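Novice: The primary structure of each chain is shown beneath.
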Amino acid sequence: MTLVIPAEILAVVRLHAQDGYPLEAAGLILGRVDGEERHAVQLLPFPNSFDEGQRRRRYQISAADVLTGEEKAEALGLEVIGVFHSHPDHPAHASPTDREGALPWLSYLITSVRDGRARESFSWRLLEDRSAMVEEPVRVVDKSTTLEAR
Amino acid sequence: MIDIRIPAPLRPYADGQKEIGVSGETIAEALEDLARRYPAMQPHLFDEGGALRPYVNLFLNGQEVGPFNGGTRLHSGDRLVIVPSIAGGAPAAGAPLAPG
Chain H
1 MTLVIPAEIL AVVRLHAQDG YPLEAAGLIL GRVDGEERHA VQLLPFPNSF
51 DEGQRRRRYQ ISAADVLTGE EKAEALGLEV IGVFHSHPDH PAHASPTDRE
101 GALPWLSYLI TSVRDGRARE SFSWRLLEDR SAMVEEPVRV VDKSTTLEAR
Chain U
1 MIDIRIPAPL RPYADGQKEI GVSGETIAEA LEDLARRYPA MQPHLFDEGG
51 ALRPYVNLFL NGQEVGPFNG GTRLHSGDRL VIVPSIAGGA PAAGAPLAPG
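Chains as they are written, first to last, in the working numbering: chain H, 1 to 150; chain U, 1 to 100.
Treat the hints as calculated values from the structure; they're not laboratory data. Fair warning: there could be bad hints in the mix.
From the structure, some residues in chain H lie toward chain U, with a derived Cβ separation under 7 angstroms [unchecked claim]:
1. Pro6
2. Val83
3. Leu106
Pair by pair, the computed Cβ-Cβ distance ranges are [claimed, not checked]:
4. H:Met1 / U:Gly66: 47 to 53 angstroms
5. U:Asn69 / H:Gln18: 37 to 43 angstroms
6. U:Met1 / H:Glu74: 34 to 40 angstroms
7. H:Glu52 / U:Asn69: 23 to 29 angstroms
8. U:Pro54 / H:Gln42: 25 to 31 angstroms
9. H:Met1 / U:Val65: 29 to 35 angstroms
10. U:Gly70 / H:Gln42: 32 to 38 angstroms
11. U:Thr72 / H:Gln18: 28 to 34 angstroms
12. H:Glu135 / U:Glu64: 31 to 37 angstroms
13. H:Val138 / U:Asp15: 25 to 31 angstroms
14. H:Ala7 / U:Asp15: 32 to 38 angstroms
15. H:Arg139 / U:Thr72: 43 to 49 angstroms
16. U:Met1 / H:Arg117: 53 to 59 angstroms
Small disclaimer: the values here were computed from a predicted structure and weren't measured. Glycine residues also receive a C-beta, built at the ideal position from the N, C-alpha and C atoms.
For reference, chain H alone in the conformation it holds in the complex:
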């Protein structure tokens, strides 16, 4: 699978990560699956609902927010295809905590933020046996070349 993401959507992911710094920021990626590609179409940022004192190293999107996201995706004829979140002052690598809380099938787009500036963004997926998260290719495209919301 390749995550195909328009440049302007990736820019919003990175801005959201910077705005949340030094706390982790997160949201859902809505889009479509087309063969071996997932096309990001829209973002839904959500508040980090993890315990207040731990939000520099942890994030959570509550079940109620995920339900809202799924309903919104269905209304738009899209699917929740992934999750984006930031790693303040850490690399954009999936951590053991990320793996523990990960769901199969979804793309996990992680952006590293250092000193308040967004740096690299990598996407990860959970292996079927839950043993590890592996990096998946990301292709950044102009919006005109992606599948538009119908």
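Since chain H is already given, all that's left is putting chain U on it; use the hints.
Specialist: Structure of chain U alone, referenced to chain H:
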């Protein structure tokens, strides 16, 4: 018969279905029946010790069931919605930086 709504990440393990009818008199029995019908879904619903994974949240007829109580009685026509909470985070300060 109880209807269970399956979240998108788990649908590949249920032949792509969004809604599945299962049997059971309690929430625990309904989930066990679901896992029995679709064994590939089991490791993503339950941990190695058989406990429901912490990210699995349930809504029964629109009301969040929480904290999880598998003994909650069900009635024919009830609708159970599985909603994952999504969580994670960077390694703790001082932890190795290698990918997880």
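Novice: List in ascending order the numbers of the hints, as given earlier, that are violated by the structure.
Specialist: 1, 4, 6, 11
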